[in-house]
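> So the chains spell out like this:
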Amino acid sequence: MAGVRLVGVWKRFGGVVAVKDMSLEVRDGEFVILLGPSGCGKTTTLRMISGLEEPSQGKIFIGDKLVADPEAGVFVPPKDRDIAMVFQSYALYPHMTVFDNIAFPLKLRKVPKQEIEERVREVAELLGLTELLKRKPRELSGGQRQRVALGRAIVRKPQVFLMDEPLSNLDAKLRVKMRAELKKLQRQLGVTTIYVTHDQVEAMTMGDRVAIINYGELQQVGTPDEVYNKPANIFVGGFIGSPPMNFLSVSVTEDGWLDFGEFKLRLLPDQVALLGELGYLGKEVVFGIRPEDVYDAVFAQVKVPGENMVRAKVEIVENLGSERIVHLKVGGLSFLGSFHSDSKVSEGQEVDVVFDMKKIHLFDKKTEKAII
Amino acid sequence: MRKPRSLTPLFFLLPALVLMVPFVIYPVLKTIYFSFFLNGKFVGLDNYRHVLLSSDIINLERFPTKSPPWGSLINNIIFIAIHLPSTIFLGLGLALLLRKEEVKGSSLIKSIVFLGMVIPMIVGGLITRFLFEQGAGVIPSVLGALGIKSLDITWTAFPQTALFAVILGSIWIWTGFSMLMYSAGLASIPKDYYEAALIDGANKFQIFKNVTWPLLKPITIVVVAMTLLWDLKIFDIVYVATGGGPGGASMVLALQMWDYFARELNYNYAAVVAVLLTTLTLIPAMWLIRRRE
Chain A
-8 MAGVRLVGVW KRFGGVVAVK DMSLEVRDGE FVILLGPSGC GKTTTLRMIS
42 GLEEPSQGKI FIGDKLVADP EAGVFVPPKD RDIAMVFQSY ALYPHMTVFD
92 NIAFPLKLRK VPKQEIEERV REVAELLGLT ELLKRKPREL SGGQRQRVAL
142 GRAIVRKPQV FLMDEPLSNL DAKLRVKMRA ELKKLQRQLG VTTIYVTHDQ
192 VEAMTMGDRV AIINYGELQQ VGTPDEVYNK PANIFVGGFI GSPPMNFLSV
242 SVTEDGWLDF GEFKLRLLPD QVALLGELGY LGKEVVFGIR PEDVYDAVFA
292 QVKVPGENMV RAKVEIVENL GSERIVHLKV GGLSFLGSFH SDSKVSEGQE
342 VDVVFDMKKI HLFDKKTEKA II
Chain B
1111 MRKPRSLTPL FFLLPALVLM VPFVIYPVLK TIYFSFFLNG KFVGLDNYRH
1161 VLLSSDIINL ERFPTKSPPW GSLINNIIFI AIHLPSTIFL GLGLALLLRK
1211 EEVKGSSLIK SIVFLGMVIP MIVGGLITRF LFEQGAGVIP SVLGALGIKS
1261 LDITWTAFPQ TALFAVILGS IWIWTGFSML MYSAGLASIP KDYYEAALID
1311 GANKFQIFKN VTWPLLKPIT IVVVAMTLLW DLKIFDIVYV ATGGGPGGAS
1361 MVLALQMWDY FARELNYNYA AVVAVLLTTL TLIPAMWLIR RRE
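Which chain is which? The protein sequence lines are A and B, in order.
At the far end of the first sequence sits residue 363, using this note's numbering, and the numbering has no gaps.
At the far end of the second sequence sits residue 1403, using this note's numbering, and the numbering has no gaps.
Since the hints were made in silico from the structure, they are not lab data.
Small disclaimer: the values here were computed from a predicted structure and weren't measured.
Check each hint, because a few of them may be wrong.
Stated by the list, open to error - Listed below are the simulated DMTMM-like cross-link pairs for lysine to aspartate or glutamate, each with C-alpha atoms no more than 20 angstroms apart in a straight line:
id	chain 1	residue 1	chain 2	residue 2
1	B	Lys1210	B	Asp1302
2	A	Lys127	B	Asp1302
3	B	Lys1314	A	Asp73
As the list claims (entries may be wrong) - Distance ranges between label pairs, derived from CB positions:
id	chain 1	residue 1	chain 2	residue 2	range
4	A	Asp216	B	Pro1324	47 to 53 angstroms
5	A	Thr358	B	Lys1327	54 to 60 angstroms
6	A	Ser159	B	Ile1299	18 to 24 angstroms
7	B	Val1248	A	Lys104	48 to 54 angstroms
8	A	Glu306	B	Pro1324	58 to 64 angstroms
9	A	Gly119	B	Pro1324	26 to 32 angstroms
10	B	Lys1327	A	Lys104	22 to 28 angstroms
11	B	Leu1225	A	Glu62	46 to 52 angstroms
12	A	Gln48	B	Val1248	40 to 46 angstroms
13	B	Arg1401	A	Lys164	34 to 40 angstroms
Beta carbons: idealized from backbone N, C-alpha and C, even for Gly.
Excised from the complex, chain A in its bound form (with noise of 0.2 angstroms):
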């Protein structure tokens, strides 16, 4: 087994940037999840991983074989890079059986019939496939083709799986029983997985770390908690997490107080030093808090009137059930709170606010990168 590397590694299409300079480090046996929008660049990194595509500048590593560097003029094609992919689409070939479908990488590589027999039924019993051994793929529900389309990846033992955005095609029940049974398989095998989703419960849920990409550049790497709780940016802040962080636009003062023009937030004694420290007290920076750390007073612990509760009316109620959405507003400032299910608050109601100021974010106005 192995890991995979990127270094600087670039992709262009006549003069479009997919990619740009990217380098990442994916250990040996890793879940690692390439989140971002539509058109970021995720599966074209994908793509080059698998050799599918030839980056037009950097270098990419399958454990410690350079498998692409155009420089050096390197290429290693797809299938002497022992991985495997999963498509979007499965990709299953249609005038194939189940069987012959997952066996079809073992007849390309001349493995002996008796051996090919064995390998496709132990994967078949290891996803539930031996019923439909025989069966054509237009015979088989979206989530037994996804079965099928991971068997033929299992069954030639790769160094690496690669997975572009597998579950997409599945109801909405199925993807939540297929994301946990896709974790437990990559445990099981051990196999680094490198998998392509725009989803971000995907994302947060299946991998042992994320990578967040946004117009072909990496942006944030780091486990599910760090990339929710230690955004890097305005965009990685914004991206995780539903329903979306509030961002406002804020003054600190000399004197530890963010400025909301509308209102006022007390800042923690640490936060005004690292503030003075970095030399942004008196500047212009980016507020954001998720809605989860805006509370209904009523159920707030800590509530200072004029410190860290405002009041604030209330525009919409969305009710989850498990939590309310409620759309809030301060003067001309917007924001969400996502409030206790026993909250009373209903629409048109003044409400007192609460922030979690141990919880807020601060990102700096021109670079947009994350301060505290």
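Dock chain B against chain A, hints included.
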């Protein structure tokens, strides 16, 4: 209680039947009827016996040891044996070579190849005749230049070569059809299959054998059936290029039928050939319809 069967569906079929009965069904039945009569008298299967045993249709005295004429049915079979695999092979080959993403100007080349399909068959026959004309045509000239003097002749004028000139001309005309069908077929295969095969470890030949060719099967069925039908019904090219000659060397069933009818004025024998030809064409036609369902 069962509802009495409604006549409404029949009513809707009426406009079609009004046209089909006098112009298709009646002539077909009348032709079959004629094939059992000679000079106004019912002769049972005598006409069939006569036609099938005649050297016009199957000439086993000359086939395969001596030079043509070999009989029009045998000529049709030879026609199919050469024309069918050639057009499939050439059409598929061209379609594979001229895939849009790989070749610049592929549409132009495809249009030129397809030209054979759009020109009237009569013109196709004339071009065939011209292509194989000694001193003017490309093929005798090239073969002559290559030192094959025995083929630097007017192909359509000699019994040994006339049938092959017609077959080769037909390949030129019909390849456009198979190329176009295969081009459409290739375009409909999702890229993912090729990429999956590439990752699974297949080389170009293995991809073709295991992915492309099986996925083109529905296209191949149509091309085979349509080509068989075309080959069996072939008339105009032969009529213009050789007239079935010399001495019946390039005679085919459809032309034979016309010959009995228009030259020998024996419409009973013509009807026999028509029935035979229809029966033969029904085989690939039925097969195609079954497969398409």
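> State for each hint whether it applies.
A quick look at each hint next to the structure:
Using a Cα cut-off of 20 angstroms, the hinted pair lysine 1210(B) and aspartate 1302(B) holds, with the two alpha carbons roughly 17 angstroms apart. Of the supplied pair hints, the one linking lysine 127(A) and aspartate 1302(B) holds, its CA atoms being roughly 18 angstroms apart against a limit of 20 angstroms. Restraint check: the Cα-Cα separation between lysine 1314(B) and aspartate 73(A) comes to about 18 angstroms, which is no more than 20 angstroms; the hinted pair holds. Taking 47 to 53 angstroms as the suggested C-beta distance range, the pair aspartate 216(A) and proline 1324(B) conforms, at roughly 48 angstroms.
In this structure the supplied range 54 to 60 angstroms holds for threonine 358(A) paired with lysine 1327(B), their Cβ-Cβ distance being about 58 angstroms. Between serine 159(A) and isoleucine 1299(B) the C-beta distance comes to about 22 angstroms, which sits within the given range of 18 to 24 angstroms. Look at valine 1248(B) against lysine 104(A): about 52 angstroms separates their beta carbons, and that is inside 48 to 54 angstroms. Between glutamate 306(A) and proline 1324(B) the Cβ separation comes to about 59 angstroms, which falls inside the hinted range of 58 to 64 angstroms.
Taken as a hint, the range 26 to 32 angstroms holds for the pair glycine 119(A) and proline 1324(B), whose Cβ atoms sit roughly 27 angstroms apart. At roughly 25 angstroms, the beta carbons of lysine 1327(B) and lysine 104(A) sit within the given window of 22 to 28 angstroms. The beta-carbon spacing between leucine 1225(B) and glutamate 62(A), approximately 48 angstroms, falls within the hinted interval of 46 to 52 angstroms. A hinted range of 40 to 46 angstroms is violated for the C-beta pair glutamine 48(A) and valine 1248(B), which are about 51 angstroms apart.
Hint check: arginine 1401(B) to lysine 164(A), Cβ distance near 39 angstroms, so the stated range 34 to 40 angstroms holds.
Checked against the numbered hints given earlier, the structure breaks only hint 12 and satisfies all the rest.
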